[in-house]
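Engineer: Could you build the full structure based on these sequences and the hints that come with them?
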Amino acid sequence: MGPVLAGVLQLLALIGALALAYIPLGNYMAKVYSSDKHWRVEKWTYRAIGADPDTEMTWTAYLRGVLAFSAVGVLFLYLLQRLQGVLPGSLGFDSVNPAQSFNTAVSFVTNTNWQSYYGEQTMGHVVQTAGLAVQNFVSAAVGIAVAVALVRGFARSRTGELGNFWADLVRGTIRILVPGAAIAAIVLVACGVIQNFSGIHEVGQFMGGAQQWNGGAVASQEAIKEFGTNGGGYFNANSAHPFENPTPFTNLFEIFLLLVIPFALTRTFGVMVGSVKQGYAILATMATIWVGFVALMMWTEFAHHGPALHIAGGAMEGKEVRFGVGSSSIFAVSTTLTSTGAVDSFHSSFTGLGGGITILGMQLGEIAPGGTGSGLYGMLIMAVIAVFIAGLMVGRTPEYLGKKIGTREIKLAACYILITPALVLVLAAMSMALPTPPHSMLNSGAHGFSEVLYAFTSAANNNGSAFAGLNANTDWYNTMLGVAMLLGRFLPMVFVLALAGSLAEQRPVPETAGTLRTNKPLFVGLLVGAILIITGLTYFPALALGPLAEGLAS
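My numbering puts the sequence shown at residues 844 to 1397.
Since the hints were derived computationally from the structure, they do not count as laboratory data.
Please note that the accuracy of each hint is not assured.
Unchecked claim - As a list, the in silico PhoX-like pairs of lysine-lysine whose alpha-carbon atoms are at most 25 Å apart:
1. Lys1363 - Lys1247
2. Lys1247 - Lys1120
3. Lys874 - Lys886
4. Lys1120 - Lys874
5. Lys1363 - Lys1120
Said to hold, decoys possible - Here are the computed distance ranges between Cβ atoms for each label pair:
6. Ala1138 - Val1030: 27 to 33 Å
7. Ser1287 - Pro1364: 19 to 25 Å
8. Gly1379 - Ala1033: 43 to 49 Å
9. Gly1135 - Val915: 51 to 57 Å
10. Gly932 - Val1352: 38 to 44 Å
11. Leu1365 - Val969: 51 to 57 Å
12. Arg1001 - Ala1276: 47 to 53 Å
Even glycine gets a Cβ: it sits at the ideal position worked out from N, Cα and C.
Structural biologist: What follows is the structure, given as structure tokens:
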């Protein structure tokens, strides 16, 4: 079997698995967020945090809950790292320095999981399990909760209430993420991923020095790392490390985990708004972009530009031989089109155009299918923009799901799509213009600029993957990437929840002969076109200086 055919078959198997999980998981999540009953363990949790889960919240109250919970998470994780040196199970590692502690705390609370450190040489068992792994669960639950609040904004009318943040947070964690990750962890352990609390072991000599490995609760963290679209690896090599991802099957299984919730949430959306066809339209948009990017990535990485690549069956530099070009391409596209950031190969070693595809995938807003929750609400914002464009073309007030898209709604949507590009481009420009930050670049020229552009694109879009080659463990990058992660996560949430509140207050508008049918292929095409054009116009100059210049020169 040739490598191209193997890659295509893996893609088809992945699509089949996602299709099987789509309806049951989507329906289950809709039931979770529509239920008025509480499990006993949930009642204990509400009592412990002093929350009343039956009290409805306006969008401002919902936002205060999101921000307060996240602020406490940042503070707790920061202190946990600063105190690591005196904690048990630290494996002898010192406390993490202030700038890196800030960066890591912000990274995991914002579901970014950017890592400017070597996991196996920096974080002990307590920080990994009580700090990082916990945030993997709750940060994903926060994203789903905000998405559900926006869906309620479309589904409800003549009310300013969007549900209860604390109930949504607890239910998402206990009913969806914990059981899903537990099942996934068992599968990973059965397939060879390690799960222990062992210390550091010397396993031999390598180039004159001792080779050491430490164990850890890797399978459990790996499961929620992918299932919650987090991406932070236990080891520096992330999902390229054999302790995290030992076989081609685990590789494909991890890709499935990082895609299944974002795709299934479109079904949840359709069920909650009372029209599964609307969910299928959003699904079709996401799937079209995802499959298109995978095909394009495979083409760029399998293209043979010389005898070495011909013998290897594609561009194998920076890729694991046990996965090959096809599976690595699927992983790279999936992790950058979601907010996962996990890697099973080094994106810096991809071809110039291949590296550009990973950057562009994040710059789309990670909406195809995006992160847990963030992908759905990002795509719904783009749907609002698309119906507005359609309304301009026919001279009619735009409507979406029975709600008029007026001046207030379109301003909120516009602010949402502008904030992330502003963060990426301004901070990347500052890093290139100031005298010190460019010294962190391993490469010069177009590839070096791609390293910096990738870093801020990854941070502001809450992806967390790295291009490799950039030394981000400096005070400048730790601080500014942390700022990009904070603003890139919570400012868009402000606009999403404000939009949800505005929509929930409206009266439903009945369909007429002039209403744009947003569950038809025509709207799917319009939505795909709007996404690509808006992104292209925003980022094309920066892409032209980096990956496009490199790709055209090779």
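Engineer: A separate judgement is required for each hint: does it hold in the structure or not?
Structural biologist: Comparing the hints with the structure gives:
For the hint linking lysine 1363 to lysine 1247, the alpha-carbon distance of about 19 Å falls within 25 Å, and the restraint holds. Between the alpha carbons of lysine 1247 and lysine 1120 the distance comes to roughly 20 Å, so the proposed pair stays at or under 25 Å and holds. Proximity of lysine 874 to lysine 886 is assessed by CA-CA distance (about 18 Å); at most 25 Å being required, the pair is judged to hold. At roughly 18 Å between alpha-carbon atoms, lysine 1120 and lysine 874 fall within 25 Å of each other, so this suggested pair holds.
Between lysine 1363 and lysine 1120 the CA atoms are separated by roughly 8 Å; this keeps the pair inside 25 Å, and the hint holds. Checking the proposed 27 to 33 Å range against alanine 1138 and valine 1030 shows it holds: the Cβ atoms sit about 28 Å from each other. Roughly 46 Å separates the CB atoms of serine 1287 and proline 1364, a value that falls outside the hinted 19 to 25 Å. Taking 43 to 49 Å as the suggested C-beta distance range, the pair glycine 1379 and alanine 1033 conforms, at roughly 44 Å.
Range check, glycine 1135 to valine 915: Cβ separation about 41 Å, and the 51 to 57 Å hint is violated. At roughly 58 Å, the beta-carbon separation of glycine 932 and valine 1352 lies outside the given 38 to 44 Å, and the hint is violated. As the Cβ distance of leucine 1365 to valine 969 is approximately 54 Å, the hint placing it in 51 to 57 Å holds. Taking the beta carbon of each, arginine 1001 and alanine 1276 are about 51 Å apart, inside 47 to 53 Å as hinted.
In this structure, the earlier hints numbered 7, 9 and 10 are contradicted, and the remaining ones agree with it.
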